[in-house]
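As you go down the protein sequences, you meet chains A and B in turn. Count along the first sequence from 1, then add 8; that gives the number in my numbering. Count along the second sequence from 1, then add 650; that gives the number in my numbering.
Since the hints were made in silico from the structure, they are not lab data. Glycine included, C-beta positions come from ideal geometry on N, C-alpha and C. Certain hints may be false.
[Stated by the list, open to error] Selected chain B positions facing chain A (Cβ under 10 Å, derived; list incomplete): (1) Asn655; (2) Cys718; (3) Met720; (4) Asn726; (5) Gly727; (6) Ser828; (7) Thr872; (8) Ile888.
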Amino acid sequence: MSNPTLLKSSIGKKLLMSITGMFFVLFLLFHAAMNAVHIFSPEAYNEVCEFLGANWYALVGTSVIALGFIIHIAYGTILTIQNRKARGADRYDSEVRPASVEWASKNMFALGVIIFVGLILHLWMFWSKMQFAEIANIPLDAEIGASSYADGSSFIMYWFSKPWVVITYMVWLVAIWFHLTHGFWSMFQTMGLNNKTWMSRLRCLSDIIATIICVAFAAVIIAAFCMSL
Amino acid sequence: MEVQNLNLTLKVWRQKGPKEQGHFETYSLQNISPNSSFLEMMDVLNEQLINEGKEPVAFDHDCREGICGMCSMYINGEAHGPDDHVTTCQLHMRKFKDGDTITVEPWRSAGFPVIKDLIVDRSAFDKIMQAGGFVSVNTGGVPDGNAIPIPKPNADEAMDAASCIGCGACVATCKNGSAMLFVSAKVSQLALLPQGKVEAARRAKAMVAKMDELGFGNCTNTGACEAECPKGVSITNIARLNREFLCAKFVD
Ligand code: SF4
Ligand code: FES
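Make the full structure from the sequences, and use the hints.
This is the structure:
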């Protein structure tokens, strides 16, 4: 950043949260669109996987995403710790949540933790056995029965034939949905791109984007589960 | 019309001093008029305590008409109690029912330490104001108010922001102990007007820096402040503060 004091300020740290957050929304939209291809054509989906396999531009992309996650998580944690301190040790005996306050907005950190745990599981299930296994020269997991590291369709069919995986992913998607419904409009607010007219529009758009993303992911999982029956 | 007076149980936070351990004390009050204000009810309680030879409950109040912002009380889990857009002094006892138990607590936030009972130290707000919440003027003749044309929407928004009375309900309500609604109101009321525009960038940076330095939390846009603000100050002012601050920082 051009300005060293910016990141020391509360608003500067929040700006970083919103820039990385914005980036994830775009990534999720892309990821959801790519997965949706699987419902219609597993072959086409595998071609996309091939394209995003162990080549340098896909690896650069993966590293950028990883860096974004680290920044988002690190700053989210710093801000949360500061906020708990600012709140003080004394708690109210009784507290009412005003109707206009979204539940998600008060639980972004907890939702973030659930999303993070889900992410680790997701990376282990797919990434560590696909792109990572290929660059690290780890042999293909025989149990999954994939024909190559980029045979994403086989991975999808293998994992999502298991009910526990489907249920875990649904919980994960619900957490992501809540996180996005608050996160999306919140990043515009933090960047200062909001006013009386846009407030309700952005909030509405948040719900729409979160729903599109989560429904697309869920559809792929459910379709795969049904096909496996 | 016959009005039924209220018999109430009060659960009030008592704390001898800033470093002392506080606790709740329960009192029962009879025959409170539903037409009295919450502070008048507290006065009755204190009369009763004095008559019993006990220490009255210390609480802040001054104007008793919703303009000074002193009457800080967290009533039944809400800053200034159950009514919307009112201060505690404007809260009527008819908002409660006969036989109710009412919990009264001080603002609880690290930025506002308790001084005694329900009184908290809000001087942090003064420090933020001193950092930049003003317009510097040269001495001389008073300029003609109509000499500078101001668009009506700007005048309205500036006036809405200026309605902030510095009560601190926003900080008290915020789960992050953030003072952003207060600071954004103070930055907005001046940034929207030509007279305040001149120093807008410096003001936003100085007030945010002071707010951070005093340990107020980071806003996560929950909007709880706006819901509990007695003056209905909107969180769109926070968007404006973010804009002013970030633009000022990127210009540097
Ligand atoms: S913004 Fe509202 S709640 Fe906060 S200090 Fe001003 S009047 Fe009180
Ligand atoms: S006593 Fe002045 S606002 Fe309530």
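Cross-check of the supplied hints:
The beta carbon of Asn655(B) is not positioned within 10 Å of any beta carbon in chain A (closest approach about 25 Å), and the interface hint is therefore violated. Here the hint on Cys718(B) is broken, as its CB sits about 24 Å from the closest CB of chain A, past 10 Å. For Met720(B), the interface hint is violated, since its Cβ never comes within 10 Å of a Cβ in chain A; the closest pair sits about 20 Å apart. About 6 Å separates the beta-carbon of Asn726(B) from the nearest beta-carbon of chain A, less than 10 Å, and the hint is met.
The beta carbon of Gly727(B) comes within 4 Å of a beta carbon in chain A, closer than 10 Å, and the hint placing it at the interface holds. Against a cut-off of 10 Å between C-beta atoms, the interface hint on Ser828(B) holds, since the closest Cβ of chain A lies about 7 Å away. The closest approach between the C-beta of Thr872(B) and any C-beta of chain A is roughly 4 Å, which is under the 10 Å cut-off, so the hint is satisfied. Interface restraint check: Ile888(B) against chain A, minimum CB-CB distance 7 Å, threshold 10 Å, status holds.
Comparing the model with each numbered hint stated earlier shows that hints 1, 2 and 3 do not hold.
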